[in-house]
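Protein chains: 2
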Amino acid sequence: MIQKNLTDQITKLLEQSKKIELRHLLKDMHDADFAAAIDDFSAAIVLQLLLLLSLPAQCHLFVYLDPKKQSDVASLMSRNDLAALFSNMEQAARADLYNQLDDQQKQTLMPGLAQAERDDIRKLASYPEKTVGALMTSGYATLRSNWTVSKSLIKLRLEAPDKETIYQIYVIDEQRKLLGTLSLRELILASPSSLVEEIMLSEVVSVQVSDDQEIIPQIISHYDLIAVPVLDHEAKIVGIVTYDDAMDAAEEEATEDAQKSASVAALDSPMSKVSPAELYRKRIGWLVLLIFGALLSGAGLAFFEETIAANIALVFFMPLLVGAGGNAGSQAAALMVRSLATGDVEYKDWTKLLRKDAIVALALGLTMGVTVYFLGLVRGGPEIALIVAFAMFFVVFVGSIIGLCLPFILSKLNLDPATASGPLVTTIVDASGVLIYFGFATLLL
Amino acid sequence: MIQKNLTDQITKLLEQSKKIELRHLLKDMHDADFAAAIDDFSAAIVLQLLLLLSLPAQCHLFVYLDPKKQSDVASLMSRNDLAALFSNMEQAARADLYNQLDDQQKQTLMPGLAQAERDDIRKLASYPEKTVGALMTSGYATLRSNWTVSKSLIKLRLEAPDKETIYQIYVIDEQRKLLGTLSLRELILASPSSLVEEIMLSEVVSVQVSDDQEIIPQIISHYDLIAVPVLDHEAKIVGIVTYDDAMDAAEEEATEDAQKSASVAALDSPMSKVSPAELYRKRIGWLVLLIFGALLSGAGLAFFEETIAANIALVFFMPLLVGAGGNAGSQAAALMVRSLATGDVEYKDWTKLLRKDAIVALALGLTMGVTVYFLGLVRGGPEIALIVAFAMFFVVFVGSIIGLCLPFILSKLNLDPATASGPLVTTIVDASGVLIYFGFATLLL
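From first to last, the protein sequence lines stand for chains A and B. Take 634 as the starting number for the first sequence in the working numbering and just add one per residue. Take 634 as the starting number for the second sequence in the working numbering and just add one per residue.
Hints should not be assumed to be uniformly reliable.
Identical copies go unnamed one by one, so any copy, or any two together, can satisfy a pair.
[Unchecked claim] Below, simulated SDA-like cross-link-like pairs (lysine to any residue); rule was C-alpha separation at most 20 Å, straight line: (1) K906 to K985; (2) K788 to P825; (3) K788 to I821; (4) K981 to D736; (5) K985 to S759; (6) K906 to I821; (7) K651 to E723.
These aren't lab readings, by the way, just hints derived from the structure by calculation.
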């Protein structure tokens, strides 16, 4: 969505310091597109551009820059400019930026802010990454249960500019305990003299501040919410997570799972932004680790050296057999990992799934066994055909069951089930395949 | 999120036909939870339950049932009940249900509906699956540019109950051409006497009705929209897609990609609902197809029979080498497929990515080569160590490059790049690995 000529246009206006034209250009388009167009600019140039804009425009544009660029630009800003930017930024984005500053920058910044802002930033910035607390914003709108609809609308109109959303509104008591919720749609449809408590919904779906962020997209999408309220351990509301942050979290989680499912450690940024050195670091770990898994297969082969030496033709079928087992295992693991991630399947369903998958694995094993029997007949004679067919049946069956069980075992060990990746499953199944195949061969030949 | 005791409670109330209590229970909780609790009920029981509820409650609950259950229940309904349900359902859900009915049901149903409803259903139901048209709803709110804010608010209040969302509103002319957009927040903040055209945003992000549904989550999340307007080829607005449908589409696409990345054909329903027979069908295709890929590796081994017979120890290192190549290839393919899916990387970036990944692949190959050199030294002597190390370097490098290129090649052939799955990459890299390894060995020994 980046337009090359837009980038050129901005560069030109900037070189000529055409402030008014730049402001017009920014006003006529979406901030996200403008931010994408200046993505390749250095931090110094971005800063120069920002300072030509009004403060609200600065804030709008700033939140669309990528996090790395944000902190680079912030580190070049004067203390006053940075404090002004901070005071006007949306709360969640501000806390994220704060977390990326170094200690010195943090200390320089804080005195320039109002007490309430300092408290808000410290609070939001204190939640660990990947928790609901780190994702939430404090810019939510609240009402009291004994207010009338007309009073509520007046109050909302006053507060709207500072709130992340006013489409879902939360009814609280003096202790900020959550009593109910109300949508703006319900509010404008209600009679002006009604009381909030008469029209609010008192069964509110909420999450805990310490929950894992991955539950947010599931809840928002399950209940079709605009935002979900976040409670602390005393059931007091401390923030909300809106659907757009939930979508970002869902995409982030799916990307992480896709990377883990191929034995890549989760990248910190989108792949296009990552340096070759980081890509290397994120990939080499598992590659080296899996060498040791593969050594098992090698040791298995060494154990059967005599059988192999006597029947070299057995080796020709090895890639076929262990490959098929690994493929069946990868299929089962990927299906299971994704179903666990979307909440379609839960850990307690394990035995039911095992029974269902055992039937599928049996059928797959049989089909594959029969198929390679004929291949074996053509290329190695009836004896080899029988061995290959039997081995194929067992390897596919066992591979499939290993693929199914691995995510559950990993989660029992408190590891991320997404680590039950194709390469890990393949390596484990390879070793089992070698044992099954040559074990059979040694028995039968 | 299903509560066992809730299911029991509903069953009990239903057996005693306690209509009032059931209505209260449903009112006190979210429809999504209620629907989840009756998920295992037969269609006949669900119908019996629905008919105890008021029509609006029926509709709310019905849309949360899974699509299969919806059509089963619909097929048991009398023509009048079904027509009443259809008339009151949200437009997009109604069109989806219509598409699931058989021809006879469709013909029975249509005469019971008003002309406008018939037209709306036919129009929405006519768009191919996975397009924006199939995802959109016609329940959007519109305004005219010369209306005042106060007139607009009155109109919105009247229309609100029939609209999917009133938080994003579209300004159209007499031909339904899209002139601008406005959020409800902006509308209630504006002065009552302002004209819509003075406050609307005229640069509107929109999609085409025939676009692939996968662009929707990208656009909604990139621009932080509540809904995106859908235009036909004459730039007239024909519908909107809201953020909640975008989230569902994003999850569906990510699930499909996760399945394809493990060589499973995309499932039609969540895994927990799919029968063993369907799971078998979705998995066996690729497993059998990949057999023929693996035959290449077998043929490669047969070609090097003499080398192998003379040095059986070479075989022991084979799983290590081809495994590592396959793993590196799977990593590269998964990174690329996911980056293409999220829009982080585009097809035109191919050469830039190739250059970056070549550096990474070289570094990975070197590290892996050095590591196995020492393993080779210990377990096979200096000559084998050298062969294994060289082969490892090349296999990992080539595997990585194959994994990177495959998604691009597939998309050039108009195939889904997600098909560049771990198992497919592994099978291709296996064959190359055998050739590289034993080719080297034959040359050097």
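Structure-based check of all given hints:
1. Within a single copy, K906 and K985 get their C-alpha atoms only as close as 43 Å, which misses the 20 Å cut-off; across copies the closest is 12 Å, which meets it.
2. In this homomeric assembly, K788 and P825 come within 20 Å of each other (Cα to Cα) both inside a single copy, at 13 Å, and across copies, at 17 Å.
3. For the identical chains of this complex, K788 and I821 are neighbours both inside a copy (13 Å) and across copies (12 Å), given an alpha-carbon limit of 20 Å.
4. Taking identical chains as interchangeable, the C-alpha atoms of K981 and D736 are never at most 20 Å apart, the minima being 45 Å within one chain and 40 Å between chains.
5. For the homomeric pair K985 and S759, neither the shortest alpha-carbon distance inside one copy (41 Å) nor that between copies (39 Å) is at most 20 Å.
6. Taking the shortest alpha-carbon separations for K906 and I821, neither the intra-copy value of 45 Å nor the inter-copy value of 41 Å comes in at or below 20 Å.
7. Neither within a single protomer nor between protomers do K651 and E723 lie at most 20 Å apart by alpha-carbon distance, with minima of 28 Å and 50 Å respectively.
Violated hints, listed in ascending order, are 4, 5, 6, 7; each of the other numbered hints is respected by the structure.
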